[in-house]
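Undergrad: Two chains, two separate frames, one set of hints: put the complex together.
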Amino acid sequence: MGKPKFYDFCVHAAPDGDHTAPELVSLARHFGYDGIALANHSDKLPDKKPVLPSIEGFEVFRGIELVEENPSKLHSLIGKFRNSMDVLIVHGGSEAVNRAALENPRVDILNHPAFDRSSGLNQVLAKAAAENGVAIGITLRPILHSRGSRRVRLLSDLKANLELTRKYEVSLVLCSDAMSCFDLRSPMETLALAEVCGLEEDEALDAISIVPERIITKNRPGPGYVRDGIEVLEGDDLF
Amino acid sequence: MKRLLPSLRARKRYLAFELISEEPASRNDIVREVISSASSLIGDVTTSDCDIKVLGFEGGIGILQCSHTRVKETRASLAALTRINGKRATLHVLGASGTVKGATEKFLQDYRPFEPEIQE
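Protein chains in written order, with our numbering: chain A, 1 to 239; chain B, 1 to 120.
Calculated from the structure, these hints are not laboratory results. Quick caveat: nothing in here was measured; it's all calculated off a predicted structure. The C-beta atom is built at its ideal place from N, Cα and C for all residues, glycine as well. Warning: the hint list may mix true and false statements.
As the list claims (entries may be wrong) - Now the stretches of chain A that chain B is said to cover, found in silico as 3 or more residues with beta-carbon under 8 Å:
1) 21-33
2) 141-153
3) 185-193
Bound conformation, chain B alone (with noise of 0.2 Å):
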């Protein structure tokens, strides 16, 4: 099928995200509960209108795509997310871009691990 003219594509913008959880999560689990707890929150006709794909998902970071004009509902539905496969976790945007190469260089290049510092 023809690929649909630039200017007819649905705008998008990624978001640059961070895991924090009790136990390590696979990207379908990550699907499966950012799905789940947006259509939970916001409903099922709002959901589809935001658009959000897991794009990928590795060591505890990755980018999530959703519709430009969709981008606080998504926010919202990945704050409601609680638990992960019955484990507490929290996903963190680290930010939102136009293009997937914006999000990777500006908030996944230079990506450390959150470490809690506990002084004594």
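With the rest of the complex left out, here is chain A (with noise of 0.2 Å):
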């Protein structure tokens, strides 16, 4: 097996976070990643359509994370935004919100699952997560900024959090969620911060690296993909 390659999927560029697309890019190549995906919050989107920076050997995937209190209203901006973002990401935070997400499959990942005195998950919506192929996210930024009693509380939601994703197979994302440049950390760094805050090392690795990749092929078919299942071949010797 190569070198895993590294991907980070949810980083906010201005005019939602502070710095702009083309230095949030540079910097995670510096850092050793393969790909980040732009995912601005969908109330704070530029008014046009952004120019995605192109660096030779490293990819820029178009992403959005949803913010959105009304299920039905959720639904509808999926809809919307799924066919032109390789990344959707929903902004999680309450019970309703949680549930539309992960019973939707044309979702990728949740983000920001807990509220209340709750983690976010149940056995119900792990079992919709990993029956509709949702990934659950888990953000560094709050975790870095915060200290204390927040910090523990992020964490035991975390730890409960995996105990459900193990028992159910739900895949997991690791992402920065970066608001700025100064929030971005290297895949080794991430690694480390994962394994240290409950994770096993190949869960790791698998946040990081092969489930994104995973996400990019189901939301990039081959050039043959008609639909589900259905796919037109190449070459004479088929059969």
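TA: Pasting the structure below:
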């Protein structure tokens, strides 16, 4: 097996975050990532479609983080953005939104599921996430920027979610949720932090390289793709 | 006092790192923030096991020492560092080595400070 490829699927560029897309992209490349997804919050989208910086050997994906309280409006937003985005993230935070996101197979990742006194997941939602192939996002920024009791809360929520995702085999995605260049961390540091926070080594590696790759291949089907299960194969001696 | 035999000395790893920050910082600032972020993330007991020492820091790059069994914890606590003197900053580990010489030669000798490449 060669060197794994590392991806960061939740980076916020200006006007959502502090720094512009080219700055974030060049820092991520310097840190050793193979690709990032620029996923601005849907309530802070730029007026015109951003031009994605293109650098050789580095992929920049189109992403969005949907922020919506109302589940039925969330579903229509998902329908609106699904086809134009490589990565579709839902910003969770209430039972209704979490449920709507995890029961919709067109969603890729659910971030920040925790609310009030709950870690955001239970056995019903975890099962739905596994069935629909929605990954749970582990965001670093809140963990890095809080200390003391708030960080303790975040970590215990994370561990509660880990128990469920292990039992129901829900995939995880590690992402920085960076609002500025200073929130980005290199892949090795991210892995070390994830392991200190309770993930196993192989789980952390999956969450930063294999699961993101799977999301991209799902959303960017090959040239002969018609629909689920149907593909036009090229070549003479197929039979 | 007689020096410990080489076989009895604690084994170390040396991490070469660079600082990416809004404002330049001194070695003392870095020492203070690294230890405080480590003791906040992994606790005083594990931090003492890590045996973190900043050996040198100059011009945005430096070397720190940690116990060879606690590299992961050390990296995690470096990642958990978010501010130095109230200004946003991050430490990026360039690599780890078993000797200071190795770390310097491999990671610091041809180090070029990070400049964002902006294409218009």
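Undergrad: A separate judgement is required for each hint: does it hold in the structure or not?
TA: Going through the hints against the structure:
1. For the region 21-33 of chain A, the stated coverage by chain B holds: 6 residues have a C-beta nearer than 8 Å to a C-beta of that chain, and at least 3 were required.
2. Taking a C-beta to C-beta cut-off of 8 Å, the region 141-153 of chain A contributes 6 residues in contact with chain B, enough for the three needed, and the coverage statement holds.
3. With 7 residues having a Cβ less than 8 Å from any Cβ of chain B, the region 185-193 of chain A passes the three-residue criterion, so the hint holds.
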